[in-house]
Amino acid sequence: MKEIGIILGGPQGAGLETSMAVLGRALARKGYGVIADREYFSNITGRHSYIHMLISSTRLPRSLRYPVEILASIDAETIFTHFDDVVEKGVVIYDENQLNKNIDNIPSIEDYTREKIKTKLAKLGVSPVIKNVVDYLEKERNIKPIEIDFTYIIKLLTQRFKIDPRQASRYVSGLIVSAVSIVIGLEEKFVKYGFEQQFRERRYLIEHNIALYELVNDSIARFRNIVKIDEPKIGLNKLMIVTGNDVVAIAKIVAGVRYQSYYPITPAADESFTIEKYEYNEVNGKAVGPIVVMQTEDEIAAICSAIGASLSGSRSSTATSGPGFDLMVEGLSFAGANEVPVVITYYQRGGPSTGQPTRGSQSDLMNAVFAAHGEFTRVVLSSGDHVEAFYDTIEAFNIAEKYQVPVIHLLDKFLANTIASIPVPDIDKVRIDRGKIVFNGPSYKRFDLSNLISPRAYLGSDNIVMWYSGDEHDEYGHIVEDPENRLKMYSKRIEKMKLILEETPLDIKMGIYGDKNPDYVIIGWGSVKGVALDTIETLSSKLRLRYINMKLLWPFPRKEFLEIVKDTPSERIIAVEHSYGVNIASLIAMATGVTVTKKIAKFTGRPITLNEMIEAVERIIFKNERHVVLSYGA
Amino acid sequence: MKEIGIILGGPQGAGLETSMAVLGRALARKGYGVIADREYFSNITGRHSYIHMLISSTRLPRSLRYPVEILASIDAETIFTHFDDVVEKGVVIYDENQLNKNIDNIPSIEDYTREKIKTKLAKLGVSPVIKNVVDYLEKERNIKPIEIDFTYIIKLLTQRFKIDPRQASRYVSGLIVSAVSIVIGLEEKFVKYGFEQQFRERRYLIEHNIALYELVNDSIARFRNIVKIDEPKIGLNKLMIVTGNDVVAIAKIVAGVRYQSYYPITPAADESFTIEKYEYNEVNGKAVGPIVVMQTEDEIAAICSAIGASLSGSRSSTATSGPGFDLMVEGLSFAGANEVPVVITYYQRGGPSTGQPTRGSQSDLMNAVFAAHGEFTRVVLSSGDHVEAFYDTIEAFNIAEKYQVPVIHLLDKFLANTIASIPVPDIDKVRIDRGKIVFNGPSYKRFDLSNLISPRAYLGSDNIVMWYSGDEHDEYGHIVEDPENRLKMYSKRIEKMKLILEETPLDIKMGIYGDKNPDYVIIGWGSVKGVALDTIETLSSKLRLRYINMKLLWPFPRKEFLEIVKDTPSERIIAVEHSYGVNIASLIAMATGVTVTKKIAKFTGRPITLNEMIEAVERIIFKNERHVVLSYGA
Amino acid sequence: MEHRYEYKTSLWVDWCPGCGNFGILTAVVKAFEELGLDPSKTVIVSGIGCSGKIAHFVNVNGVHTLHGRAIPFAMGIKLANPELTVVVHGGDGDLLGIGAGHFVALGRRNLDIVVIMHNNGVYGLTKGQASPTLPLGVKTKALAKPNIQQAVNPILLALASGYTFVARGYAFEGTHLKNLIKMAIKHRGAAFIDVLQPCVTFNDVFTAEFYRKTIYKLDEDPSWDPVVRKPEEAREKLLNAIERSLEWGDRIPIGIFYVNEYVSTFEERLSKRLYRYPDTNPSNAVIEMNGKPILSQQEFEEIFKDYIVNVEI
Amino acid sequence: MEHRYEYKTSLWVDWCPGCGNFGILTAVVKAFEELGLDPSKTVIVSGIGCSGKIAHFVNVNGVHTLHGRAIPFAMGIKLANPELTVVVHGGDGDLLGIGAGHFVALGRRNLDIVVIMHNNGVYGLTKGQASPTLPLGVKTKALAKPNIQQAVNPILLALASGYTFVARGYAFEGTHLKNLIKMAIKHRGAAFIDVLQPCVTFNDVFTAEFYRKTIYKLDEDPSWDPVVRKPEEAREKLLNAIERSLEWGDRIPIGIFYVNEYVSTFEERLSKRLYRYPDTNPSNAVIEMNGKPILSQQEFEEIFKDYIVNVEI
Ligand SMILES: Cc1ncc(C[n+]2csc(CCOP(=O)(O)OP(=O)(O)O)c2C)c(N)n1
Ligand SMILES: Cc1ncc(C[n+]2csc(CCOP(=O)(O)OP(=O)(O)O)c2C)c(N)n1
Ligand code: SF4
Ligand code: SF4
Ligand SMILES: [Mg+2]
Ligand SMILES: [Mg+2]
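Protein chains in written order, with my numbering: chain A, 1216 to 1849; chain B, 1216 to 1849; chain C, 9 to 321; chain D, 9 to 321.
These aren't lab readings, by the way, just hints derived from the structure by calculation. There may be inaccurate statements among the hints.
[Said to hold, decoys possible] Straight-line distance between alpha carbons at most 20 Å, and here's what the computed PhoX-like set of lysine-lysine pairs gives:
#, chain 1, residue 1, chain 2, residue 2
1, A, Lys-1354, A, Lys-1407
2, D, Lys-149, D, Lys-135
3, B, Lys-1703, A, Lys-1703
4, A, Lys-1492, C, Lys-153
5, B, Lys-1703, A, Lys-1331
Chain A with its partners taken away, still in its complex shape (with noise of 0.2 Å):
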């Protein structure tokens, strides 16, 4: 097959992050593209998580799609959970030990969810016992079973190298690993590879698992190619396999970030611990850092933290999600109104309140673009994939150093947490600009009024003193309420929008993909690109589709939108976010005037995802459909 579509589950903590990892490294090795989003409760063991991945022969995918040709579990409840998500033809792999479970002998499962799947197995007929469904998948949907004895594949394992048995379960993800690769026809030798990239520094586990990978190979190698992957033709000869998180540490090390704050919070602590572990290098003999990652008693240490650093001269950053950001505004209006470059990487989870801590959203743009009181220049990016999320993670900075002013990037726990193959970043392309800055003597004004962006020293620069104040302030920093200065000081602030969105290049403020003479346009931001790509490009036959992936998102580039879209009605104009409101029409319609009408809306925290997505845009465009709420997946 071109392109093959898994789900590999089992309860949190049982090793498919590590799966995803080696699965996605040993694929990158033989040459194909791969992506896969994680989906989790927020708990540490035992609830039910899965990976859902998409592996092309042919490109880099960027989106995901229902159904999938495998399922792979690890327990009972992955199958009762998705069996309903594998297509005809399809696979589902499980351990023969679970057979006689019974879906109320399964106490992780929500009692909510339980329910639901009893009554639609209810429906089909099936008692809610393993068996009868793997049973039902084989009769009724031609799925193939692959059933597997896990506890004795482990057990020859554990035996032949005398592993503890309290350490079996970690032998699991590797079993769900070959098990895969098996069936999909991937060759030992990159599996392998995977295995040894993953275990570097615990050789043991390479050893083992190999031999796992052997076992499971006797067991079920009448199995092998049954869903056979084609080989691949993409044709690049290098990939990064990169998280969202992971990606964003780099770009921020290749900025030349030398701060960075954080506290821990979910889906965003893991990019500051992937800086902290390169917080100093060395290659050729050159530098790089070393730099202070900081864990802070609070979010609001964290802001005020990077702040200072910023103050200092450090490019200087934070990150956190929704319930961070909210404890970060009254830094945010500090920033601000002392002009001071800080980036604030926001990746936006399920709300309001603690609200899906593991899930993705992207129902925070409001937030983003005005919480904090009083106005001021701020500016927000979004990017669309791992790519964009490399160098807008670098111009994040650029921009705030040009302009003197914070910048939120705001991404999601889609990016995040997906793992993607994507081509290695051009760094020749990557520029650093670092702004205005002098070093001149004694009469410093920090505020200079004679031009939008004053010259910028910092603190600890010789022979210079400044002062900053969050109060109104004169040209040096100190405290004047007068209100002629005000006025000149506060519009000052302000005014730097617009010259932002002079100076910025379209790229930076959106991309423009597909027809350009569209039938309807199809508007997004952030992690809707992928799919929303695949939608236009598989709806290419027979509609002509545009699809504006809006990046900066503040100040809105009122000019360049209204110019794309002035020969499209509004009525075909379709905004998707995973949302209630789709509120990127509200931010057009207030910075554009141009009512989008047509919306396409998910917010039960997982991926919208390309089957859905097509068919929603099919029942906008053919059934006249206004709004479509989108809710597939578990």
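We have chain A already, so just place chains B, C and D with the ligands on it with the hints.
For chains B, C and D with the ligands alone, kept in the frame of chain A given last:
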């Protein structure tokens, strides 16, 4: 005269607030209408502060205007700052001991302001010494100088009553009240009444101040009635004299607030002190209270404890301004996620950051409407004046409890610190609606999905146990991540907005004033109301104008708004706001698609006065300007 | 005969097998049971973290709040209805990291609530970062590098902040912990229990094995009397408690460090100035009659007479 | 010859006449002068309050931040440029009310900055509400009712939090205070000075007259030695300091309570794990060359090789 404008100025700490209160009560006692704005620095002692007042014999005034008839100054800085604000034939009252004061010898003037004034005086050919300025006013502007020997008069007083000379300064406020009263012809008995009310608890001060009045009278008797105010003909036999803070506090007590939390912040804290003053009252054997007024350790604790109190069944609220609200945002999103009725009284002041802590603004509209991650229903309600603030405060609690949502009552510093004479509120018009409350048995579901509004029980209700969680939850309040439950619960919370829009009466949504077939429609909200109404009235002879006072800012009453402006082309709509962006226009664009392109903005921290507003409207209508930025006032 | 309640909900407890939180849950349930607390008059207020989920597992009212903010939520709940028994559960990150300001403030108020801290040395739910109680230089398995911040001493901080009942328990000393919880609930004033809680998934340093070797019970020493029995003793007992609080490492004391019932509770202070409080309180005070305020026009004018001017005509 | 700086700005100081802040300002200026601090290498980071304005009155870099947040701002400034002398000024409300969490966290880090607290018992700039250091039951003239919260003991809290230099000064003991400030600046690690500061406008209880009668200097007692002279002494000296910190009322000690230079500073801990830090640090590390990143394509791929897969063709 029918109306008289007055400025009373002097250093912070000299007692001008007392002067304002005494004069206000004295004038009301005789039946005049009064309004007075208080302008002061973020400083405890020494910086320039002033009261800008309007007295009317024919109505309860609702806006201020320049120039004024009387400038009464305690110090030289007042003269330098306001000499230009006095109308021809007006008077300037000053202390003769200040005559030789040069502006360069007044350290409390900010450098920026000093230079500005010096330039202005230099252009007029006046050297920056008080006596020259007074001379200039008399000769070139026909303004009557009224010279008083403050030192001498107070010496007489302290001698007569054997007052400790260190206490002398506290009599300056009475001196200035006396002088103004004499000049406008307010009889002694009314002034006496003012002193009596003010110093109820320190009777000796009444005696001293009456004696002081007589001493001042002896000194300037020849100026009695020199700017005489006409006899009052308003016809109300009772007036309330209140600041905005007071009127909201009183309304909260009437509404039944029983828990009010706060962290001290200008200009919100005084509201809490007034509530505290009335924390327990008994009348006709009826208990009003007790009210727990809690000074918390920060604003986070303020909002969280207010939510807690609400869960226990108390009508509960907190009051703050921008910096404090920023810190409440995470708590707000918890209230949204858990459908908690709580009222946040949000007094806007100059931002961003600490900004202008004692100055006014309306620049936090977008923050109030959009801050917080995730989507949920909140209500944002604003009030145009003291009377509205009273009824809206009560309505805020009703809406909060009826729909189980957080309500933000968006006010500002202008209202908070302005003292106004208003009719006594009509308690018969007040309704208390606590919403759906249940006390039923054990299988209680706090978040019952069968209706948009789930019946509420309080923590502590007999035989009921319930759960709340900031995580997405099921009907019982237990964490659930199931996507289908998510879809229902998330939608339920947001869809209350429709209900609110359907059920809220028009007069809570907006006030509509002026001509029914207007040439132009002016749109504003909050503190713009008074000056807008006076503007349309003043211009009514030449222009048919209508003013829409937007009250329900969120959810935005789209339908009614569109209905009202349906015959007005958008070029004939003018929005006005104390901000840079005139952000109500953005909200309107977003919610209704109507693009307002004419704007009047003021963001110096000082209120829009009638003279500038009239000029601005005329410039827009007759000179085709689109954007007028106002800046009058020191 | 007394009504018996079921103090556990039927929800699946999704902590890692072996987690110390199970011990705490059992002790809480047992303590509530033995005290015969009425579930509808009892509230668990918890923060965010593995620990915070406990609110869902106990069958009394549960308010699972925001990270770090359980104390202020609890404060509002308790002040509005002083009749309720309010127990706060939070992680060490929750109470002493992001929530440290509230932790200190509660001590100053001596409000009658109980704070139970699940002290596992890590940020559990976010996967094992160092929490404020992890000592300097310790490297647990989830940490890439040894901890760079010193530990805060929870007992010392509680004593310094003014808590009037300060104790330490251990998650797997069930009866001992249950008794501490009962005493803390019965105590009038702000009570704090630092519960040592093994996190089997992320903290491989402060394990059950470690604690088995190091903990000892304060009350095994018959001369240890942490209770202030007359006001003059307060200073000395506080100093004793502080001295003991410094013990850590080889020997870790559990039990009661300090109890002082001579400090007025916040409710008492309030009731001195707020007439009728706590009997009449925000949760039960009448505020309306038939949809109207309780005040008539005339009563309104009477109460707020200071703001009303009768025009002299 | 040494260059002499002017350490006061020309701005009008807008505190109330007689305010203790004037004494603090004078002592700070004098201390900076005597230490010959380079204004461009010195930063005052202040919170919001009357106290916070001091940043504008001293002619060194001034960062007048947010209410309660001076410490985290200072932390970022110092970590990014460890060469700077960083002095935090905050009110008692600022540091121990809204900012208490940061106050505790700084102790855990022992970062080399100085925190000077203007302790006036009130929220000055918001007009005299009770601050966290005002004792229970005290009614200052600005309060309608006696204070309902207990005071937090700043010295005890600092000691409990891990500050390694803890002292108290008095605003109008100029030379004494100046010397404390100098020592605190020279101290390696987190230093805290609680400065008793009369607020003439709102606090009529803790007045200059009150302090004149009650304060005494710790170093008048020759046996008082607050300095940890070998690591083993730390516990005992800490306990001594804690005991002294409980003194308040008739006799209020000023001077040094505790000094311990044996605790590693945060900068030292960082430099152990961050190669080249603090010499190369966030403020001076080279991050670009001619508008390009310092990494070439090849170097980039070398560093991040773990993320790069060479397709086996
Ligand atoms: C404002 C905010 N910041 C960060 C988080 C992410 N978060 C969830 S749990 C947790 C820490 C949990 O540690 P602890 O309080 O010690 O509880 P434990 O899980 O160890 O019981 C954090 C930081 C959050 N929910 N809210
Ligand atoms: C977030 C926030 N909340 C409240 C305020 C209002 N505020 C300004 S100064 C101040 C308190 C000042 O007290 P303190 O810190 O003791 O300083 P002092 O004025 O006494 O020197 C407060 C609460 C603020 N600026 N920001
Ligand atoms: S992560 Fe640790 S604290 Fe959390 S449930 Fe697992 S063992 Fe318990
Ligand atoms: S209010 Fe108090 S602290 Fe503030 S300046 Fe005046 S005297 Fe000083
Ligand atoms: Mg923990
Ligand atoms: Mg103070």
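- Query: Tell me, which hint numbers fail for this structure?
  - Reply: Per hint list: 1 and 3 violated.
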